[in-house]
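Based on the sequences and whatever the hints tell you, model everything.
Chain by chain, the residues run as shown.
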Amino acid sequence: MGSVTNSALEKEHLVHHDHVHHDDDHEESFITKYVFSQDHKTISRQFLITAVIMAVVAMTMSVIFRMQLAWPGEKFAFVNALLGDKWAKDGILDPNMYLALVTIHGTIMVFFVLTGGLSGTFSNLLIPYQVGARDMASGFLNMLSYWFFFLSTCIMLGSCFIDDGPASAGWTIYPPLSAVPQAIPGSKLGMTMWLISMTIFVVSSLLGSLNYIITVFNLRTKGMTMTRLPLTVWAFLITAILGVLSFPVLVSCVALLIMDRSFGTSFYLSDIYIGGRPLDNVGGSPILFEHLFWFLGHPEVYIVLLPALGITSEIIATNSRKPIFGYRAMIGSILAIGFLSFIVWGHHMYMTGMNPFLGSVFVFTTLLIAIPSAVKAFNYITTLWKGNLQFTPAMLFSIGLVSSFITGGVTGIILADSTLDINVHDTYFVVAHFHIVMGLSAIFGMFAGVYHWFPKLFLRMMNKKLGYVHFWFTLVCAYGTFFPQHFLGLAGVPRRYYTNSNFPMFDNLVDINEICTISAIIGALAQGIFLFNFFYSMFRGEKAPQNPWNSNTLEWTTPVANTHGNWPGALPTVHRWPYDYSKPGKEKDFVPQTVPLEEGEIDGGGH
Amino acid sequence: MKLLVLLAIVLLIIAGHQLLRIIELSRGLKKTTEWQVTSADNDRMGKILLVFMILFFAFFFWQANRWNERALPLASSEHGLKIDALWDANMNYIVVPVFLITNFFLFWFAFKYRGLSNTKAVFFPHNNKLELAWTVIPAFALAFIIIFGLKYWNEIMSESDKADKVVIELYAKQFDWTARYAGKDGKLGETDFRQISGSNSVGMDTADVLGNDDILVKNEFHIPVGKEIVLYMRSRDVLHSAYLPHFRAQMNCVPGMITTFKFIPNKTTMEMRKDPYVKQMMAGINKQRDKFGDEPVEFDYLLLCNKICGASHFNMQMNLIVDTQADYDAWIAKQKSFKTVAVKTESK
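Sequence order for the protein chains is A and B.
If you're matching positions, the first sequence starts at 1 in our numbering and goes up one per residue.
If you're matching positions, the second sequence starts at 1 in our numbering and goes up one per residue.
For the record, the hints were derived by calculation from the structure and aren't laboratory data.
Each residue gets a CB set at the ideal place from its N, CA and C atoms; glycine is no exception.
One or more of the hints may lead you astray.
What the hints assert, rightly or not - Calculated lysine to any residue pairs in the SDA-like style (CA-CA distance at most 25 Å, straight line):
hint, chain 1, residue 1, chain 2, residue 2
1, B, Lys82, A, Phe364
2, B, Lys162, A, Met354
3, A, Lys75, B, Glu295
4, B, Lys151, A, Phe364
5, A, Lys75, B, Ala311
6, A, Lys89, B, Val5
7, A, Lys456, A, Ser37
8, B, Lys291, A, Ser501
9, A, Lys89, B, Leu3
10, A, Lys543, B, Ile23
11, A, Lys386, B, Phe105
12, B, Lys218, A, Ile274
13, A, Lys465, B, Gly16
14, B, Lys218, B, Asp323
15, B, Lys187, B, Tyr328
16, B, Lys82, B, Asp300
17, B, Lys112, A, Pro584
18, A, Lys86, B, Lys2
Said to hold, decoys possible - Short, incomplete list of chain A residues facing chain B, as computed with Cβ under 8 Å:
hint, residue
19, Pro95
20, Ala169
21, Ile272
22, Val363
23, Lys386
24, Asn388
25, Leu389
26, Val410
27, Ile413
28, Lys464
29, Pro494
30, Ile512
Here is the structure:
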């Protein structure tokens, strides 16, 4: 992009901007301002609030099935109150509903909270703000992105209320279980709705991601070179690229499943005898499905994680009052993780009957990805070293993220090794691993982001003390829930068992399951503190100052108002990288990106 | 009752609202900025982070100490012992040290550099030597993991080259297992899913004479110790996974495909029942069963389903007995072949 294009765009924006102001004052109705808004800030808020609601739903589901696992056969009045007599007669959870809850919990958490919620909220909020743009490249597509997301949310939630229950083949919906309605009630209408919902979700994700990519490439303000971008934007950019390249494969995967389910094809089906008769489908293979699914499924893990890591990079640097250590190495590791994430999907399939030689290739590529991940962890720790750490709730959550990223990451080394995977594949060891990485790290990243950018989201401050209480309850309970599950895995407990009580060999694990469940319940209740703080502060919190955390990035140069176009006057010009914290010879311990370089001053971490 | 709960909730909300009003009013008077982090906050949080680290590590060691004895006993198969050794090497030399050391530095730095009133941050944007070090060191560690992992993987997954072996098919369906032995000829008969019926539950191809001497067993199957067991897996309906945790063996059962796994068991069921570790473990299990009011049990090898397959996935199991060769020979001699069973059912 030459400067010509940039200034041309800016001229256009100024014109556009005047026009918009006119709208603000006179014409914009409630509907266009709050509902069908094309403003990136409003869309960001819409994504966030939807994701918060979805997270509460998914968390409640997890409490229900955790209680079943700790106290199988016990009667819980509240389970009956939530699920009714059909699915929880006398308050005892039905096995089919157990599987349905597990499935929908996973689906909501992975896609609706950590993909839609995390990227949707923070890419929308921060990309235009931090690159210095008036809005997304296409506000209209951005609006569509949210409303497709909303529609898919409604369909997914709606599927929980139908007669046969929602999809219940696990969030990975492996056929034939998901393809043959005779196999499980959830594979009737529930699965159809799941597939439609996911397809619409992918439309939303693609519209969003394309917008993010174009905005980062084309709408950077003057002086904002790629190596002056905050790491948040780098992370969102690579995340969006991963999404664009991998989500369409999920659609094709889903489309073939729809064909198999409804139109008699046999992409995934062969030699099946069920419901007292042989099926006509011959020649397909479920392994094809697994390849297609995990071709999305693994990049998806990084689609979930990279934004959280980006958010953390920014928050740790700001609150350490130090530049992020190894800025370019951080970019390099984001790129490396992004690239490698496309050639590791087979590590989910070591035990599927896939050619073992193929398995060994994936062992190699998967373990390679540990290197950039390790670099990131070490760089975070070095950023803390000799810093002046300001423990805002966001900073605490970021530290929690680094801790859980390490704790969950190291067991990934075990699981990536096909030999060691043989015995823990699909056991609670895996459950512990990915919950610590996604359920802790990525969620902590999301919390950190909400606490840190709340002043930009809702122009008010969240309560710090409640934030502290929320953090400590969450950290302790989250580890308390998932750390013991490693030991369940070492005892050989398979995941997705309705109860472990049918095997005497698991009888001595009752107390471990109880610890997990009690932690989960306390942790879930503690989220009430967050929800209260979130909604209360939205309306009644203290008014935010312009730059509460003394941060360098561009979003803190915007006024504390919902200005359409972000900056009332001309767009800011960028003169330096975003991490000039505690730079020697400066008056303050931060130098915003808009401050010109002094004579002889070197940019980008030079002295 | 429900009304009472509702009333309590409403009262709670009203009380909360009043409390908030008071807080808001007092805040208005004092004009504080509650959200601002003070050095007192930093001091407190830094210390709590350090305490958390100590408790976290204590929790880890407590679990490892207390629950390790509930982990699966040492592998009962030859390749499984190698897996266990590799597991221990990875855990003890890489995973646990990295977990402890990096978490230690994280929380220690968080504590040490907490922002007190006189704390100054050092401008330290990058250092090539450091970054090179922690790119190269993990690379070496990973090379070790990859090399040993793949060596064993290739051994475990290579095709059986032993002449003297026992061939067994594990046939999965919702929600039970059938084991099919190759019989005297050592060859499994062909199958055809269209021929599945009440008397032909695994879909034997009746035209294939190789299948006539095949032996079908349910609920419990036997294998001889010290001999290579070659398992072939099939599924009738959906994905299942044949999981034999004590042998470190697992493979999915895929409709339309035959998958395989081989292993050599090295301890009979009887030997396992006398093993001190297993005895202690079973004592713990029986203690818990006593609390539930269940009968005490003895150790048994088990085949579990480890891939979500439907409502009764959690109860899809089959017992497995590892016998001495003599016991196994005696057991298999008593089993009826497919042909005799089929003929009998037809004549009924």
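To see whether the hints hold, each was checked on the structure:
no., hint, verdict
1, B:Lys82 to A:Phe364, "20 Å, holds"
2, B:Lys162 to A:Met354, "23 Å, holds"
3, A:Lys75 to B:Glu295, "24 Å, holds"
4, B:Lys151 to A:Phe364, "12 Å, holds"
5, A:Lys75 to B:Ala311, "19 Å, holds"
6, A:Lys89 to B:Val5, "21 Å, holds"
7, A:Lys456 to A:Ser37, "17 Å, holds"
8, B:Lys291 to A:Ser501, "13 Å, holds"
9, A:Lys89 to B:Leu3, "22 Å, holds"
10, A:Lys543 to B:Ile23, "16 Å, holds"
11, A:Lys386 to B:Phe105, "12 Å, holds"
12, B:Lys218 to A:Ile274, "19 Å, holds"
13, A:Lys465 to B:Gly16, "17 Å, holds"
14, B:Lys218 to B:Asp323, "17 Å, holds"
15, B:Lys187 to B:Tyr328, "18 Å, holds"
16, B:Lys82 to B:Asp300, "22 Å, holds"
17, B:Lys112 to A:Pro584, "22 Å, holds"
18, A:Lys86 to B:Lys2, "20 Å, holds"
19, Pro95, "4 Å, holds"
20, Ala169, "7 Å, holds"
21, Ile272, "5 Å, holds"
22, Val363, "6 Å, holds"
23, Lys386, "4 Å, holds"
24, Asn388, "4 Å, holds"
25, Leu389, "5 Å, holds"
26, Val410, "5 Å, holds"
27, Ile413, "6 Å, holds"
28, Lys464, "5 Å, holds"
29, Pro494, "4 Å, holds"
30, Ile512, "7 Å, holds"
Comparing the model with each numbered hint stated earlier shows that all of them hold.
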